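J.: The chain contents come next:
2 protein chains.
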Amino acid sequence: MENYKITNKLFSEKEKGSKETVFALANGYMGIRGTIEFCEPELSGTFIQGVFNKGDMSVPELVNLPDPLSINVYLINEAGLQRVNFNSCNLLDFSEELDMRRGVFLYSVSLKTENGYRVNIKSERFISWKNKHRWAAKYWINVEKFSGRILIENTINNNIYNNSMNPLDKTNHFGHFRPLNFQDGIGMVSYLTDSNKKIIQMCSTVPENFRMNRLKYKEELNRPVEILCFDCDKNREYCFTKYGVIYSDYDLEDSSPEAVEKELNFFLRNGYDKELKEHRREIEDNWDRIDIKIDGDDEVQRALRWCIFQLNSSAYKINEYSSIGAKGLHGEGYKGHVFWDTEIFMFPFFLYTNPEIAKTLLMYRYSTLPGAIKNAFETGYKGARFPWESEREGIEVTPKWGMSYKGEKVRILTGDHEYHIIADIALSIYHYYRATLDNDFMMRYGAEILFQTGIFWNSRLQYNDSMDRYEIKNVMGPDEFHEEVDNNVYTNFLARWNLKYSAYIYFWMKRKNIRVFRELTDKIKLFPSEVDGWREKIEKIYIPRDPKSKVIEQFEGYFKLKEYEITKHDENGMPLWPDDLDTDELNNTTLLKQPDLLMLMYLMPEQFTFEEMKENYDFYERRTMHKSSLSPSIHCLLSISVHEYDHSYEYFKKTLLTDLYDNQGNSALGIHAASTGGAWLAAVMGFGRFYIDKDDMLNFDPWLPEKWNSLSYKIIWRGNPMEIEITHEKLRIKPLKESIFFKYTEKIFEATVGESKEVKIL
Amino acid sequence: MENYKITNKLFSEKEKGSKETVFALANGYMGIRGTIEFCEPELSGTFIQGVFNKGDMSVPELVNLPDPLSINVYLINEAGLQRVNFNSCNLLDFSEELDMRRGVFLYSVSLKTENGYRVNIKSERFISWKNKHRWAAKYWINVEKFSGRILIENTINNNIYNNSMNPLDKTNHFGHFRPLNFQDGIGMVSYLTDSNKKIIQMCSTVPENFRMNRLKYKEELNRPVEILCFDCDKNREYCFTKYGVIYSDYDLEDSSPEAVEKELNFFLRNGYDKELKEHRREIEDNWDRIDIKIDGDDEVQRALRWCIFQLNSSAYKINEYSSIGAKGLHGEGYKGHVFWDTEIFMFPFFLYTNPEIAKTLLMYRYSTLPGAIKNAFETGYKGARFPWESEREGIEVTPKWGMSYKGEKVRILTGDHEYHIIADIALSIYHYYRATLDNDFMMRYGAEILFQTGIFWNSRLQYNDSMDRYEIKNVMGPDEFHEEVDNNVYTNFLARWNLKYSAYIYFWMKRKNIRVFRELTDKIKLFPSEVDGWREKIEKIYIPRDPKSKVIEQFEGYFKLKEYEITKHDENGMPLWPDDLDTDELNNTTLLKQPDLLMLMYLMPEQFTFEEMKENYDFYERRTMHKSSLSPSIHCLLSISVHEYDHSYEYFKKTLLTDLYDNQGNSALGIHAASTGGAWLAAVMGFGRFYIDKDDMLNFDPWLPEKWNSLSYKIIWRGNPMEIEITHEKLRIKPLKESIFFKYTEKIFEATVGESKEVKIL
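First to last, the protein sequences are chains A and B.
This note's numbering puts the first residue of the first sequence at 1, with every later residue one more than the last.
This note's numbering puts the first residue of the second sequence at 1, with every later residue one more than the last.
Bound conformation, chain A alone (with noise of 0.2 Å):
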């Protein structure tokens, strides 16, 4: 199975956190950052989806639970102690991997002790996606030479911090801890600040093929410590497993120390190979549905099986309160917060590839609601405004303020501003409708959740009386160099739609369904007035649009701002400021962080002819500088759409290195997720250049860079699960469950059940 491993064998202090992040692991409900056990950590991390504590800070975030990995070695013989790590020992050799297709990761080092031994360890660790508290590390050291005897020191470390690297934000969430003894191993009850609610961390470290005793159990400042020795003889290769298993007073289930190591003796009893074989055959099952195969680049084949293979891994489906984050399960970067991102991003990914973790995301958005609905109140409106960012109940926490560079407060306006994300989530429930027609989450949560955006909508418009429109003033588009304009071309045109399909869905559900209307409507006090209203601003509503030139103005008032080109790049062909700017007054210019006109007709490409499109590529393109980690993926698509070939791939490999190479220079913090989304959206929407039409009609346009021999991929369309695989002659298309029709180049085809048909790439 070739290019399924992501591999480094270079160790570089500097580069040590963005590793750790491109070498996490997670499963949907928690995550481990790809540390080193025997290096100092640049960011430890553990996290379980959807817990949040505030503490101290402005607003909640994702929790750094306490290290489970937490392991010391030690040698002991006549030359005395010596403590095996990066810190005492020479680095001799390093090598570390992510075996995607096997979901684990393993590292190798070689580490020369004070003393001259030569000590050689290797690691493998999981995280299983079939048990999703459950999470392993077998370890084999050999000491080259050496007899006497080895001691590990076993932690569950709880000197781990949330945004240890600043400071001014360095905060443990934990109140108290309560260390736990068991029989086969160490725990730890963890009590958040805010709830008193619980973190249960259990671990058991079993050795393989000798035999190792518990010398002591400690407890140091509240932890566990338990300390297991061996007799070693030289040259050996000892093995041991640490098992380990994860839950929270979140978690379904009961959650006491007892339950919890019941369940760890469960664990030790199926045993690592055991569980390992299960947790790969779920991974074969995802890959089964999500691989994208690229013939003749392998780097990019390997960074876009990186991208897939992390947000796939961001996602769990069971449990309905989380979504997922924008760093994903890797890291603490946005505190964990739920943004946009997912809806636009991420949402695509999972809902042609696996519609039930694109249902659970909505389904996390409906069980915020009332989070929403608070959120609208408090700022005057009525309906549900969802948050810019989000966390477990939906009430915005977006922080208020931020820190400058030279450590003054700085208030951050995209909480207050960017309203788009409120259409966005409308749109995702649109484009779940359709490709799922389940009309059972419609009526029973999408309705909802359309119904009261509806309301939002109606109760934000501003009429403008001299002009007899409405319009949406004091927001920020997506791109947020702009952060107080008026009648955001963006905002306005999806409120609009988000207006127009809620109306559109409160007329199909009273046809459909009119006893689960009534009860809907009644519930949410939504009266016909208030629809009547709707349709009546949906004509009126401002979408600034000059109609003699195809350029659109990003927000009333843009093209009187003071006007920058892009004209110098970077070695990584990335934009440079332009020599005379003033950064603080990028509020004043035409330059861009991120598409925000594009980002619209990248969302609504029906809504533009061919001309428009292409003009606004290219004046807004040569703007963009790209600040953002969502902008190349969306160049990439657009490039195609306006047969831009020659940017297409350079955005793409943009987007598939983010993290890999570390182009935002952020990675440490986390996966850029939304880019890791983005990453699957440039493959099958862009090069693959599937989409679905106006009439619902699956249609296929690719392009194909010239290195590349083919692009294969999948999509379940409405149940029926497809391989579509792209030459530069061919197009095949073969569904799996039925027959479909679609179109290519405007011609209809229809692929027979099981048979791959055939078309000729024109």
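No wet-lab data here; the hints were simulated from the structure.
Just so it is clear, the structure is predicted and the values come from calculations on it, not from any experiment.
Where hints are given, some of them may not hold.
DMTMM-like mimics (lysine to aspartate or glutamate), calculated; alpha carbons at most 25 Å apart, straight line [unchecked claim]:
| no. | chain 1 | residue 1 | chain 2 | residue 2 |
| --- | --- | --- | --- | --- |
| 1 | A | LYS145 | B | ASP570 |
| 2 | A | LYS234 | B | ASP579 |
| 3 | A | LYS737 | A | ASP285 |
| 4 | B | LYS743 | B | GLU612 |
| 5 | B | LYS145 | A | ASP580 |
Please arrange chain B on chain A, whose structure you already have, making use of the hints.
T.: Positioned in the frame of chain A, the structure of chain B alone reads:
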């Protein structure tokens, strides 16, 4: 002022621990190891003399206190947050210095941050010799070409353990911590687990040439953290000072947080420069008493000064509840316990340079008499059995068990069998009284110790019916390779001497002051019959001494042991184990760890002829492995006595460089305080050959290594300070308070007060 500085310009991970010891500062009350704030310490260490705690350990240990030096510096500018420390930056330049004339530790480091800024930091630190609870550190920071903000994170780090290098023994001696936040800084109250007694630490950080704000105060796992910040201009140097105070419940002063805060405020008001000036004045006074000048050998001069500086730093003349641990206040080694090292190796230095401190050291023993009496009672004897290892109470605290390199428990027998400590203490009282004629001390304290030790020996002696003699079986002499022997000459000889001197003082006191005599003998129930017993036994104590051979058998049966002679040495001239030796069998060989009989000859030179000394030196020196740092100094002294001058200088250098070159490999655990005392002994009583003969006459019989031009030192004899200067040609004695008689080569000379008496060296 030359040769008062110890410098190191090479930063080495491997030597970090021993350098932290070499550059440690202490003032007798407290000690702080020479850690560099910006570098992860090998072993951070903050100690208060006499503050012990047992906790989970088998015996109490000198507690490693929370680290008040803890400080982190961050740069913030457009490039983000950069931490300034050895881990995150490249080390460009490093130097550290102990300026013994000023009593300060200084270092200077240049670090290159991730973003390429060069940060130059200088620091100066002292622990006040004037106000024993005060310490301060001054920092100068300059960041080249950087403008932005600098954050300073200040804490008192409670994540500190004793024995942190050894996972089995690693222990935090505090049950809980109370962080303190007050107007000018932070503090912490730490509660010892055994007694719940408090340690209170407070510190305040004050900018010297700029303005600094406190951004935040917070608590992390019960430690106080304050974050200070200032705006940094390009290339300017910023200077700030951290003032600290430390108190414990054992101190006589009020140790409430309020009282401590008041004391800190006094310190702040006094200011760094004034405090340093007062501190320096104390240090000057001390140098004036203790300095030894060697002309012509700079390395030896500096090393010798380091020894006497650190030894002098370890004692405190006010607190009578403390003495000097085997590792000073400079590390955790030997758990801070007090051994015979204090009386035999360190005491003479204080006796002849600062008799008040010598008295304090004896007062410590007096204060522990109740513990010593308890030890005797519990082991089946009478009187006072001073413990081999002693802490605050005088209870025997030698660990019963150690751990072999295989992790197996090994019985430690020193605490059971090294009885000689009892007579070693008695001998110090003799020396003290002879050198001071301090009748008050002898009457009130000394006599009681002598009586109780007399009673002890009387109860310990075993009558051998068949030989009609008293024996002492099953003991360990100073040489710890032979653990359970009978009639060790050193022990028997000193026990006899102890009984003799106790009896002498008994009658002396009776004559001198019958009332005080009666009070004391009544109090301790010392009846004439007991003293009669002493006198009878003195005659019959068996001292194995073959009249035919001048080589004395170290203990009964020693000559029958398996014979080894040392024939090979390592590159440093230290003996190597004979090839065919099994180190488990040391007990059965003639090899010695350290001098035993030679030790006796050093202590009681007038009891042996020159020929006896010479033959015994020749015999035992060849069998001594010097596996104790106590060994080289005594061999230096003896080699001069027996005119084996070839050895003398080498043994002297080994003594001096024990810690500076870490030649025992364990200096990281603290100074070898006995070796520092041994250095003084070797210089003054070896090369300087100052000794008091049986008629209490001052004697000088110097011998100088060829390299040296002169050796000068000061001593105080019966309140009369005198200056001694020795060259290869002349001996000059200048008494400062009254005229004296002294002997050189059996001739008596008179030195008139204030004048140098010059005698030609023969």
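J.: Look at each hint and say if it fits the structure.
T.: We went through each hint and held it up to the structure:
| no. | hint | verdict |
| --- | --- | --- |
| 1 | A:LYS145 to B:ASP570 | 23 Å, holds |
| 2 | A:LYS234 to B:ASP579 | 22 Å, holds |
| 3 | A:LYS737 to A:ASP285 | 17 Å, holds |
| 4 | B:LYS743 to B:GLU612 | 23 Å, holds |
| 5 | B:LYS145 to A:ASP580 | 21 Å, holds |
Of the numbered hints given earlier, the model fails none.
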